[in-house]
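Trainee: Sequence:
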Amino acid sequence: MNDPRLTPDTVDFMEKAATLNMPAFGECSAEELRAASERRNQIMKPAIEPVRKVIRRKIVGSGGEIPLRIYIPEGSEPPYPVIMVFHGGGWTIRSYELEGPTSRGLANRVGALVVSVQYRLAPETRFPGAADDCYAATQWAVQNAAEFGGNASKLAVAGTSAGGNLSAAVSLMARDRGEPNISHQVLFCPVIDHNFERGSYDEFADGYGLTKVGMQWFWDNYLGPDGDGSNPYASPIQADNLTGLPDATVIVAECDVLRDEAEDYAAALKNAGNDTRLTRYEGVLHGFNCQPGYIHAAESALDEAADRIKRSFANVG
121 MNDPRLTPDT VDFMEKAATL NMPAFGECSA EELRAASERR NQIMKPAIEP VRKVIRRKIV
181 GSGGEIPLRI YIPEGSEPPY PVIMVFHGGG WTIRSYELEG PTSRGLANRV GALVVSVQYR
241 LAPETRFPGA ADDCYAATQW AVQNAAEFGG NASKLAVAGT SAGGNLSAAV SLMARDRGEP
301 NISHQVLFCP VIDHNFERGS YDEFADGYGL TKVGMQWFWD NYLGPDGDGS NPYASPIQAD
361 NLTGLPDATV IVAECDVLRD EAEDYAAALK NAGNDTRLTR YEGVLHGFNC QPGYIHAAES
421 ALDEAADRIK RSFANVG
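With the numbering used here applied, the sequence shown covers 121 to 437.
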């Protein structure tokens, strides 16, 4: 890659990743790509922060068991506010392991109980299965947080890529259904719209990690042949009404096919009267925030997200 916009640590990360010969999105089955992704994660492990305790739990959702990983923060005492974390991977691959650095980083920086959710994956489970699992897990956390020292009167959601999409979807669901009361949503490099026509899709279509073809494949897996990509719980920006939503922090990567839709959503949230901050991190790729230890900007993104969440929590009576 010879793009002068890319930071040196981003170029180094890309060169290391290239040696693993990962299959391209859409060129193999979802199962094969999951296995390849797990191999990569074992070889290129990001830096992770120690937390006081990690608890594994399974709950029952409408579609079966939902595994959870619950992080107790280091250096803070209960009652802890609660942050739900939803992982990325195009609704198709990866697991809550991917979002471990985010979960641990937010737990320690906010002093929060973090509940990370392993929702059902596509194509085995189509939309709205993943969103339903994330909403059900959020409801469970509100009802059961006290068991782990949490107090869900202060509640946030966060996630990367498809996890950012699910964070936005759960925020819409909670507003539409009247519960729970979410104070903040952090959307890292989020998928926002079933639309491939924005400029960043052309500018970064290939060679920058997540590709245009890859995103089309992920959407096909998630929606299936008869899915409705205009449903606001799939494409949050297509909601008729964006008022009354949680405060939002939208963090985007400069060199990402999803950049423009995320920036459009931040503008739409702000125009609808929601407290919204958009930050574009220059010279980095999609999902950079999940790579502390490799990408320096990951720490800054975590710091920014935590500061914004704490600001929203401070306004909760």
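For the record, the hints were derived by calculation from the structure and aren't laboratory data.
Treat the numbers as computed from the prediction; the structure is a model and nothing was measured.
Fair warning: there could be bad hints in the mix.
[To be verified] Pairs of lysine-lysine, DSS-like flavour, derived with a Cα cap of 30 Å: (1) Lys-332 with Lys-178; (2) Lys-165 with Lys-136; (3) Lys-173 with Lys-390; (4) Lys-332 with Lys-390; (5) Lys-165 with Lys-430; (6) Lys-165 with Lys-390; (7) Lys-165 with Lys-178; (8) Lys-332 with Lys-136; (9) Lys-136 with Lys-178.
Trainee: Is the straight-line distance between the alpha-carbon of Lys-165 and that of Lys-136 30 Å or less?
Mentor: The given pair, whose Cα atoms are some 12 Å apart, holds under the 30 Å limit.
Trainee: Can you confirm whether the C-alpha distance between Lys-332 and Lys-178 stays at or below 30 Å?
Mentor: Violated, at roughly 35 Å.
Trainee: Is it true that the CA of Lys-165 sits at most 30 Å from the CA of Lys-178?
Mentor: holds (25 Å)
Trainee: With the threshold set at 30 Å, check whether the alpha-carbon distance from Lys-173 to Lys-390 stays at or below it.
Mentor: Violated, at about 37 Å.
Trainee: Between Lys-165 and Lys-430, does the CA-CA distance stay at or below 30 Å?
Mentor: Holds, at about 28 Å.
Trainee: Checking one constraint from the list: CA of Lys-332 to CA of Lys-136, max 30 Å. Satisfied?
Mentor: With a Cα-Cα distance of about 22 Å, the restraint between Lys-332 and Lys-136 holds, given a limit of 30 Å.
Trainee: Does the structure keep Lys-165 and Lys-390 at a Cα separation of 30 Å or less?
Mentor: violated (36 Å)
Trainee: Is Lys-136 within 30 Å of Lys-178, Cα to Cα?
Mentor: violated (35 Å)
Trainee: Taking only the CA atoms, is the gap from Lys-332 to Lys-390 under or equal to 30 Å?
Mentor: Given pair Lys-332, Lys-390 holds - Cα atoms ~27 Å apart, limit 30 Å.
The structure fails to meet hints 1, 3, 6, 9 from the earlier list, while all remaining hints are met.
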